[in-house]
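Residue strings, one per chain:
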Amino acid sequence: MSANTRSNRLLQPSATVRHAILLATGALILVPFVWMVSLSIKPPGEIFGTSFSFWPAQFYGIENYTKALTEAPLPRYMGNGIIVCATILALQILFCAPCAYALAKLRFLGRDLLFGMVLIGLLLPHQVLSLPLFILGYQLGILNTYAALIFPYVVSPFGIFLFRQFFKTIPDDVVHAARLDGLSELAIVWRIMVPMALPAVIAFSIFSVVGHWNDLFWPLIVVRDQSLMPPPLGIMVFKNEEAGNDYGPLMAASTLVVLPLVIAFLAAQKWFVEGMTGGAVK
Amino acid sequence: MASVLIDSIDKNYGPTSVLRGLSLPIADGEFLTLLGPSGCGKSTLLRILAGLEVQDAGSVLIGERAVDGLKPKQRDVAMVFQSYALYPHMTVASNMALPLRMRRLSAFQRLPLLGRFMPATPRIAAEIDVEVTRTAKSLGIGHLLARKPGQLSGGQRQRVAVGRAMVRHPAVFLMDEPLSNLDAKLRVQMRAEIKELHRRLGVTFVYVTHDQAEAMTLSDRVAVMLDGELLQVAPPKDIYADPDDRRVAEFIGSPKINMLDGVVRERGLIDVAGSTLAIEADARAGEHLTLGIRPEVFHLADHGGQGALTGSVRMIEHMGSDLFVHLDLAGLDHPLIARLLAERAPLISPGQTLHVGAKPERVLLFGRDGRRLRRQVGSGRASVTPIREITR
Numbered sequence: 107m108s109a110n111t112r113s114n115r116l117l118q119p120s121a122t123v124r125h126a127i128l129l130a131t132g133a134l135i136l137v138p139f140v141w142m143v144s145l146s147i148k149p150p151g152e153i154f155g156t157s158f159s160f161w162p163a164q165f166y167g168i169e170n171y172t173k174a175l176t177e178a179p180l181p182r183y184m185g186n187g188i189i190v191c192a193t194i195l196a197l198q199i200l201f202c203a204p205c206a207y208a209l210a211k212l213r214f215l216g217r218d219l220l221f222g223m224v225l226i227g228l229l230l231p232h233q234v235l236s237l238p239l240f241i242l243g244y245q246l247g248i249l250n251t252y253a254a255l256i257f258p259y260v261v262s263p264f265g266i267f268l269f270r271q272f273f274k275t276i277p278d279d280v281v282h283a284a285r286l287d288g289l290s291e292l293a294i295v296w297r298i299m300v301p302m303a304l305p306a307v308i309a310f311s312i313f314s315v316v317g318h319w320n321d322l323f324w325p326l327i328v329v330r331d332q333s334l335m336p337p338p339l340g341i342m343v344f345k346n347e348e349a350g351n352d353y354g355p356l357m358a359a360s361t362l363v364v365l366p367l368v369i370a371f372l373a374a375q376k377w378f379v380e381g382m383t384g385g386a387v388k
Numbered sequence: 285m286a287s288v289l290i291d292s293i294d295k296n297y298g299p300t301s302v303l304r305g306l307s308l309p310i311a312d313g314e315f316l317t318l319l320g321p322s323g324c325g326k327s328t329l330l331r332i333l334a335g336l337e338v339q340d341a342g343s344v345l346i347g348e349r350a351v352d353g354l355k356p357k358q359r360d361v362a363m364v365f366q367s368y369a370l371y372p373h374m375t376v377a378s379n380m381a382l383p384l385r386m387r388r389l390s391a392f393q394r395l396p397l398l399g400r401f402m403p404a405t406p407r408i409a410a411e412i413d414v415e416v417t418r419t420a421k422s423l424g425i426g427h428l429l430a431r432k433p434g435q436l437s438g439g440q441r442q443r444v445a446v447g448r449a450m451v452r453h454p455a456v457f458l459m460d461e462p463l464s465n466l467d468a469k470l471r472v473q474m475r476a477e478i479k480e481l482h483r484r485l486g487v488t489f490v491y492v493t494h495d496q497a498e499a500m501t502l503s504d505r506v507a508v509m510l511d512g513e514l515l516q517v518a519p520p521k522d523i524y525a526d527p528d529d530r531r532v533a534e535f536i537g538s539p540k541i542n543m544l545d546g547v548v549r550e551r552g553l554i555d556v557a558g559s560t561l562a563i564e565a566d567a568r569a570g571e572h573l574t575l576g577i578r579p580e581v582f583h584l585a586d587h588g589g590q591g592a593l594t595g596s597v598r599m600i601e602h603m604g605s606d607l608f609v610h611l612d613l614a615g616l617d618h619p620l621i622a623r624l625l626a627e628r629a630p631l632i633s634p635g636q637t638l639h640v641g642a643k644p645e646r647v648l649l650f651g652r653d654g655r656r657l658r659r660q661v662g663s664g665r666a667s668v669t670p671i672r673e674i675t676r
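Sequence lines, in order, name chains C and V.
Quick note, the first sequence lines up with residues 107 to 388 if you use this note's numbering.
Quick note, the second sequence lines up with residues 285 to 676 if you use this note's numbering.
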């Protein structure tokens, strides 16, 4: 019965148009990705050939991927990426959750002004701050270290904003009950608010990890040492120095770099949906 | 076990004054209900008792100890919230164990993984488990300990909230409209259980509600609040039958008390709604006052004239054993409601003219300022002594 009504609904002209548009935009976004994977398994001759096909005539994947993994220290780059992203995420949650709690649930003078400043921080593009941050990093003497890659992102206005909005939806009574139960304010943050805001934490983690894994701009400025480079910067250097116009291994390296994100996202997506529906039950 | 003394509490939110010089002594082991419409400040007062809000002036004593500077957890009070305020990510057992864990385990012993390996942790944790299980069983939720609040019904959640408050044996129980999220049938059942709980524990309960039925059935004393002030504090029957103030009389009772404007004709006679009633009033001839007559005070009179009110029947509501008759009276913009025995029903029909009388001693008189005018003679009852219970 319900399957019937669903297929009927799909057959309506408006639904057909709607899905056609969705499919077209979806394809548009997917094409470069698919093209990258396709190029990563083609031999050089086919990459610049005139014929167009997604599937290679001659499978050249093993050569390309071997070259990507051996000619550049790709595992090292990815290890760097994991260290930097994990540290950034951990510190962001460590600082954002208490800030967001204070802005959402405590009453103090100047709270709204502080929240306004967080919103201004949200509006500022990172590039605007890059020069002052670079000078700060220089004066602290941390350029060309992991710390340089991490310190500008430790406090995330977006994280504070997102958590604050979610904390706002948690009833004050829960905070009151926790205070009566003997929890300190920090214990309320970590034992009550953050677990209750798990969907927001996961959503923020996805944004944060994707953003910093893919970041090229800031690492390009502060890191010279190849052993410290995160994946995108590594690939860029690899392209310039080693591969030249050798696009097959380059695309293979790119695919490998994106792969953990895709896996992580698919895994977290299930969690994300669970968290959302779990929170929706009264 | 502790008495509570609320002494001249003021509370303002910006320019809005929520509580004004409110004082109220509560005896050890008493069940006191704060009753009033929403926005009257009763929940604010409860949160001040709990230490969740800070008063602008005045002080709170719990068990003869001033608690004004103390944090909520140091006050030895527990609270049950309207929304239950359970922690949705914890099981029922963890919800109930949390207040005990926070009190008995040190910060190190509470550490997520390491804490388990601290010397005394297993023993204390086992004790807590035993107490939680015992409390849960006494509330009939022993089989639910492994569930999360999201998997429970409203009534079960309510019990968990009560259990979380009970488990640490507080000196004072604070309850903020704990039954208002339940359906009508469950509410009556839980009302009886709360009454039984109070009898069993024998500790002081301060209960906030806007539901007069809850206030009347549960309380030793009811404190009626309006606009941040206490209008009257008295046992339920006195609040109903012997109100100090017109607003108390109007708030308590369903259907509402009938309020009729009258003028004193001479000593012992009051003109009201085109009729004259023989009521003794402590007022001079020509003075205006208000008569408060509860619906059940009326009885059918054989004829009109002196001592009876005459009106035409607008509507009849059958309530089973009783019926509520709405009467339109000359010079009255709202109908008078009389509660009569249902046996009369066949004899009364809409549009009919009806005469009703009221026993003079059961008519309440209020002055122009809304204060009760008590009669010196006739049936003048002794005035209520709110502190009688305290000095007991």
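These aren't lab readings, by the way, just hints derived from the structure by calculation.
Keep in mind it's a predicted model, so treat the numbers as computed, not measured.
Here a beta-carbon is modelled for each residue, glycine too, at the ideal position from N, C-alpha and C.
Treat the hints with care, since some could be wrong.
[What the hints assert, rightly or not] Here are the simulated DMTMM-like cross-link-like pairs (lysine to aspartate or glutamate), alpha carbons at most 20 angstroms apart as the crow flies: (1) V:Lys-521 / V:Glu-550; (2) V:Lys-355 / C:Glu-152; (3) V:Lys-355 / C:Asp-352.
[What the hints assert, rightly or not] A short list of chain C residues far from chain V (calculated; beta carbon distances all over 10 angstroms): (4) Pro-149; (5) Phe-240; (6) Asp-279; (7) Val-280; (8) His-282; (9) Ser-333; (10) Lys-345.
[Claimed, not checked] Computed Cβ-Cβ distance ranges for the label pairs, DEER-style: (11) V:Val-414 / C:His-232: 43 to 49 angstroms; (12) V:Ser-390 / C:Gln-233: 45 to 51 angstroms; (13) V:Pro-406 / C:Ser-290: 21 to 27 angstroms.
Hint-by-hint comparison with the structure:
For the hint linking V:Lys-521 to V:Glu-550, the alpha-carbon distance of about 32 angstroms lies beyond 20 angstroms, and the restraint is violated. Simply put, V:Lys-355 and C:Glu-152 have alpha-carbon atoms about 74 angstroms apart, too far for the 20 angstroms limit, and the pair is violated. Under the criterion of a C-alpha separation no larger than 20 angstroms, the hint pairing V:Lys-355 with C:Asp-352 is inconsistent with the structure, at around 69 angstroms. Every Cβ of chain V is farther than 10 angstroms from the Cβ of C:Pro-149; the closest lies at roughly 53 angstroms, confirming the non-interface assignment.
Taking the minimum C-beta to C-beta distance to chain V, about 39 angstroms, the non-interface status of C:Phe-240 holds against the 10 angstroms cut. Its closest Cβ contact with chain V, about 4 angstroms, brings C:Asp-279 to no more than 10 angstroms, contrary to its assignment away from the interface. With a minimum CB-CB distance of about 5 angstroms to chain V, C:Val-280 fails to clear the 10 angstroms threshold, and the non-interface call is violated. Annotated as non-interface, C:His-282 brings its C-beta within 10 angstroms of a C-beta of chain V; the closest such distance is 5 angstroms.
With a least CB separation of 33 angstroms from chain V, C:Ser-333 remains clear of the 10 angstroms interface cut-off, as annotated. With a minimum CB-CB distance of about 45 angstroms to chain V, C:Lys-345 clears the 10 angstroms threshold, and the non-interface call stands. Between V:Val-414 and C:His-232 the Cβ separation comes to about 55 angstroms, which falls outside the hinted range of 43 to 49 angstroms. Taking 45 to 51 angstroms as the suggested C-beta distance range, the pair V:Ser-390 and C:Gln-233 conforms, at roughly 48 angstroms.
Separated by about 24 angstroms at the C-beta atoms, V:Pro-406 and C:Ser-290 satisfy the suggested range of 21 to 27 angstroms.
The structure is inconsistent with the numbered hints 1, 2, 3, 6, 7, 8 and 11, although it conforms to all the rest.
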